[in-house]
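**Q** In case you want the letters, here they are:
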Amino acid sequence: MNGDMVQGYVALSGILFVIGACGLMVRRSPLVMLMCVEIMLNAANLAFVAFARYLGNMEGHVFTFLVVTVAAAEVAIGLAVIVLLFRKRDAADVDDVNTLRG
Amino acid sequence: MTAVLWIAGALAIAGALGVVIAKTPVHSVISLVVNILSLAALFLSLQAEFLALIQVIIYAGAIMILFLFVIALLTARRDPVERSEGKLEGQRELGIVTAVAGGVLMIAVAFAAGLGRMPAREALPAGFGSAAAFGRELLTTHILSFELTAFVLMAAVIGVVVLVGRRQL
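Quick note, the sequences are listed as chains A and B, same order. -1 is the number of the first residue of the first sequence in the numbering used here; add one for each residue after it. 83 is the number of the first residue of the second sequence in the numbering used here; add one for each residue after it.
None of these hints come from the bench; they were simulated from the model. The structure displayed is predicted, hence computed values, not measured ones. Treat the hints with care, as some may be off.
What the hints assert, rightly or not - Restraint-style ranges between C-beta atoms, simulated for each label pair: (1) B:226 / A:1: 28 to 34 Å; (2) B:86 / A:85: 43 to 49 Å; (3) B:223 / A:87: 45 to 51 Å; (4) B:237 / A:97: 22 to 28 Å; (5) A:99 / B:212: 47 to 53 Å; (6) B:85 / A:85: 46 to 52 Å; (7) B:184 / A:54: 37 to 43 Å; (8) B:83 / A:85: 45 to 51 Å; (9) B:206 / A:87: 51 to 57 Å; (10) A:86 / B:144: 23 to 29 Å; (11) B:84 / A:99: 49 to 55 Å; (12) A:54 / B:147: 31 to 37 Å.
The C-beta atom is built at its ideal place from N, Cα and C for all residues, glycine as well.
Using the sequences and the accompanying hints, generate a full structural model.
**A** Here you go:
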């Protein structure tokens, strides 16, 4: 594995991260925003795995595993919050969730 | 290896774009599955066999099913979200500009750091990326983070039960 390959993987990771960030800022459906966070986490994972392969060191793999676990926990909590929002009101749009607004 | 990077990379980008563009959440989920599976292929091309498995089983299996269940329960017969313009003026343009600017900065830094000029390294330790090597690394060097992972998962389970569990027991 040479440096050019690492560069390719890191560039792909950056592109995926940008797409996820775009979606997070542009979309207003809470479900889609959660999915965009998943895309961003996956993009970071790709960079971790690419560098782990280049350095021949498995610590990047361990970190990716931890990120996947935290993502699972985050999705569970996030979806629970979304279910609660839908129960309270027809809040399909995050713009309508402004109870805490000062 | 380069061919895998190009094909799976293009699929991953297409899937991610599909998530952002799709009007209905179910289509977003299906695009996200495409994205996740192509990332698993990329992991395989990087000799991360165990992580590719994890990616398919946990992400494409468990997490996406959770999404599908919530979508089926909540938004089945509902009008699509985002019928009207948002309350924030110019949200779309500002969001795209901000994200692209940040991303260009990020990739420019990665390129300026001279990743492409790094010397080639081919030698890999034996069993790199296998479940055995991964387990050894996780349960010896990183045992504390492994235990903390268990704690995080337990906290998430308790949190979900407290949030949406039945109140009248």
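**Q** Tell me, which hint numbers fail for this structure?
**A** 7
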